[in-house]
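Assemble the whole structure, with the sequences as input and the hints as a guide.
Number of protein chains: 2
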Amino acid sequence: MLTTDRYEIRFSGSGGQGIITAAIVLAEAVATKTKNYVSQTQSYGPEARGGTSKAEVVISPSPIDYPKAIQLDLLLAMNQASCDAYFADLKPEGLLVTDASLVDQVPTDRNVAIPFTEIAISQAGKKVVANMAALGAVVHLTQIVSPKAMESALLARVPKGTEEMNAKAYRAGARAAKKFDLSALPPTVTPEEEEL
Amino acid sequence: MLTTDRYEIRFSGSGGQGIITAAIVLAEAVATKTKNYVSQTQSYGPEARGGTSKAEVVISPSPIDYPKAIQLDLLLAMNQASCDAYFADLKPEGLLVTDASLVDQVPTDRNVAIPFTEIAISQAGKKVVANMAALGAVVHLTQIVSPKAMESALLARVPKGTEEMNAKAYRAGARAAKKFDLSALPPTVTPEEEEL
Numbered sequence: 001m002l003t004t005d006r007y008e009i010r011f012s013g014s015g016g017q018g019i020i021t022a023a024i025v026l027a028e029a030v031a032t033k034t035k036n037y038v039s040q041t042q043s044y045g046p047e048a049r050g051g052t053s054k055a056e057v058v059i060s061p062s063p064i065d066y067p068k069a070i071q072l073d074l075l076l077a078m079n080q081a082s083c084d085a086y087f088a089d090l091k092p093e094g095l096l097v098t099d100a101s102l103v104d105q106v107p108t109d110r111n112v113a114i115p116f117t118e119i120a121i122s123q124a125g126k127k128v129v130a131n132m133a134a135l136g137a138v139v140h141l142t143q144i145v146s147p148k149a150m151e152s153a154l155l156a157r158v159p160k161g162t163e164e165m166n167a168k169a170y171r172a173g174a175r176a177a178k179k180f181d182l183s184a185l186p187p188t189v190t191p192e193e194e195e196l
Numbered sequence: 001m002l003t004t005d006r007y008e009i010r011f012s013g014s015g016g017q018g019i020i021t022a023a024i025v026l027a028e029a030v031a032t033k034t035k036n037y038v039s040q041t042q043s044y045g046p047e048a049r050g051g052t053s054k055a056e057v058v059i060s061p062s063p064i065d066y067p068k069a070i071q072l073d074l075l076l077a078m079n080q081a082s083c084d085a086y087f088a089d090l091k092p093e094g095l096l097v098t099d100a101s102l103v104d105q106v107p108t109d110r111n112v113a114i115p116f117t118e119i120a121i122s123q124a125g126k127k128v129v130a131n132m133a134a135l136g137a138v139v140h141l142t143q144i145v146s147p148k149a150m151e152s153a154l155l156a157r158v159p160k161g162t163e164e165m166n167a168k169a170y171r172a173g174a175r176a177a178k179k180f181d182l183s184a185l186p187p188t189v190t191p192e193e194e195e196l
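Heads up: the protein sequence lines correspond to chains A and B, in order. Once you know that position 110 of the first sequence is 110 in our numbering, the rest is easy, because the numbers rise by one and skip nothing. Once you know that position 188 of the second sequence is 188 in our numbering, the rest is easy, because the numbers rise by one and skip nothing.
Hints in this document: simulated from the structure, not taken from any laboratory. Any given hint could turn out to be false.
[Said to hold, decoys possible] Quick list of simulated restraints, FRET-style, between CB atoms:
1) A:P107 x B:S183: 51 to 61 Å
2) B:R175 x A:K179: 48 to 58 Å
3) A:D5 x B:Y66: 38 to 48 Å
[What the hints assert, rightly or not] Sample of chain B residues lacking proximity to chain A, with all beta carbon distances greater than 12 Å (derived):
4) G45
5) E47
6) P63
7) D73
8) K91
9) E93
10) E118
11) R157
12) K160
13) T188
[As the list claims (entries may be wrong)] When the alpha-carbon atoms are kept at most 20 Å apart in a straight line, the in silico EDC-like pairs for lysine to aspartate or glutamate are as follows:
14) B:K68 x A:D65
15) B:K160 x A:E163
16) B:K35 x A:E47
17) A:K160 x B:E164
18) A:K91 x A:D109
For every residue, glycine included, the Cβ atom is placed at its ideal position computed from N, Cα and C.
Pasting the structure below:
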C-alpha cells in the first residue's frame, strides 16, 4: 500500500542486532510480493569501525535512480546512538520507531516505542531475533507489504532451523505495534519548530 | 589496494546462490579492515520475481555519493543469464569472472572462468558455498582487501556451525584464481570494437 512516489526506511542499531538482515528481508518481500521497485543499501564509512550499523530500503512504484535515503519516512532506531545520529534525517511527517528496551531518550512524541529486545527474549527465547520483532512492527505500521507475504519472505531467508524463532518474534512485534494508534500521534516529529 | 577513485563490483546469479551474502561479506570486510568507504546495494525491479539476483559493491577512498554501479570494474556472473544480462555494463578494461560450472558462453577473452560450484562441492561438500569460492577468487584478483582480513569478516558473518565449510570454499576459490595471470589476458573486454 504505497501512496507516495518514494518511501524511505532506515534501520539502525548496533552491529550484531541484525539490522542488515531485517532490511534485506523487507526488500525481498516488497520486491517479490508487490509491484514496487526496491533498492536496499548499506553505506559504510569510517564509522563502520565503531560498531554502529544502518541499512536503508527505498520503495517506489517507479524505477529508483537514487537508492540512498534522502529524507526518511520511517526510522527504526534499535539503540540510543542510532536514534541520536539519525533522527534529524526524518521527514517532518516521518515516523520514529524505537526499541524501548534500549532507547531511553526519544526526541519526539511522534514515536512508536516497543521493547523489541524484551519481546524477542520473552516471546521467541533469543534477543538476536529482536530485528524480526522490529520488522513485524514496521510492516504493520507501514502496510507496505502484507503481513503474510512478509512472513513467507522471512522464512525463505533466515537460516534453516531458526524459522520458528524468527516467525514468533516477527508476529510478536506486529502484535505489539497493533496497540499503537498512529492517528493519535502528533502529525510531525518536531511540532515546536513548525510553529516558528 | 585501491588505485582508482571508485571501484565497482557486481555479483550476479540466480536466487539461492548467495549473491547478496557474498556482497555483504565483501563490503563489511572492506569497511572494517581498510580505510575505504563502501556502499553495498541491491536493486530489485520486476525481474526480482524472475529469480535472478544481483548485488553491488562500490568502494572508494572518498565518501560515495552515488552508490549504484555505473560502469563495472568487475562482474561476477554465477549463471549464464546474468552473464548475458550484465556483460555490457563492464568497463572496457573491466574483468569478467564466471562460474565455469554454469556459464558456457563467454562474450570476451578477458575472462577468469573458474568452476565455483564444482569447487564448492568437491572442496567444501556443498554447492551452497559456491558464493564463498567466488569471493575468494574476487579478493585474490582485486586485492581490494587482504585475504586474511576477508576471511575474518567472512567468519563473523556466516551462520554459526557453517564457518569451516565457508572458509574451505573461500580458500579453494582463492587457490583456483591464483592459476590465472591477469597480465596474459587481453587488456579490454571488447578488443574488436576498440579498433573501429
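Requested in this report: Could you let me know if the closest chain A CB is still more than 12 Å away from the CB of R157 of chain B?
Outcome: Not fine: 9 Å to the nearest Cβ puts R157 of chain B too close to chain A.
Requested in this report: Measuring Cβ to Cβ, find out whether E118 of chain B lies farther than 12 Å from everything in chain A.
Outcome: holds, 23 Å
Query raised in the report: Holds or violated: 51 to 61 Å for the Cβ distance of P107 of chain A and S183 of chain B?
Result: Since P107 of chain A and S183 of chain B have Cβ atoms about 56 Å apart, the given range 51 to 61 Å holds.
Query raised in the report: Honestly, do D5 of chain A and Y66 of chain B meet the 38 to 48 Å range at C-beta?
Result: Between D5 of chain A and Y66 of chain B, where Cβ atoms are some 20 Å apart, the hint is violated.
Requested in this report: Just double-check E93 of chain B for me: nearest Cβ-Cβ distance to chain A has to come out over 12 Å.
Outcome: Holds, because the least Cβ-Cβ distance between E93 of chain B and chain A comes to about 26 Å, which exceeds 12 Å.
Requested in this report: Run the C-beta distances from G45 of chain B to all of chain A and say if the shortest one exceeds 12 Å.
Outcome: violated, 5 Å
Query - Consistency of the no-contact label for K160 of chain B, given chain A and a CB cut of 12 Å - result: Non-interface label fails for K160 of chain B: nearest chain A Cβ at 9 Å, not farther than 12 Å.
Query raised in the report: Are K160 of chain A and E164 of chain B close enough, with their CA atoms no more than 20 Å apart?
Result: holds, 17 Å
Query raised in the report: Checking the smallest CB distance to chain A, is P63 of chain B really beyond 12 Å?
Result: violated, 6 Å
Query - Cβ separation check - D73 of chain B to all of chain A, threshold 12 Å - result: holds, 18 Å
Query raised in the report: Holds or violated: K35 of chain B with E47 of chain A, Cα cutoff 20 Å?
Result: holds, 11 Å
Requested in this report: Decide if the proposed pair is consistent with the structure: K160 of chain B and E163 of chain A, CA atoms, cutoff 20 Å inclusive.
Outcome: holds, 15 Å
Of the numbered hints stated above, those contradicted by the structure are hints 3, 4, 5, 6, 11 and 12, listed in ascending order.
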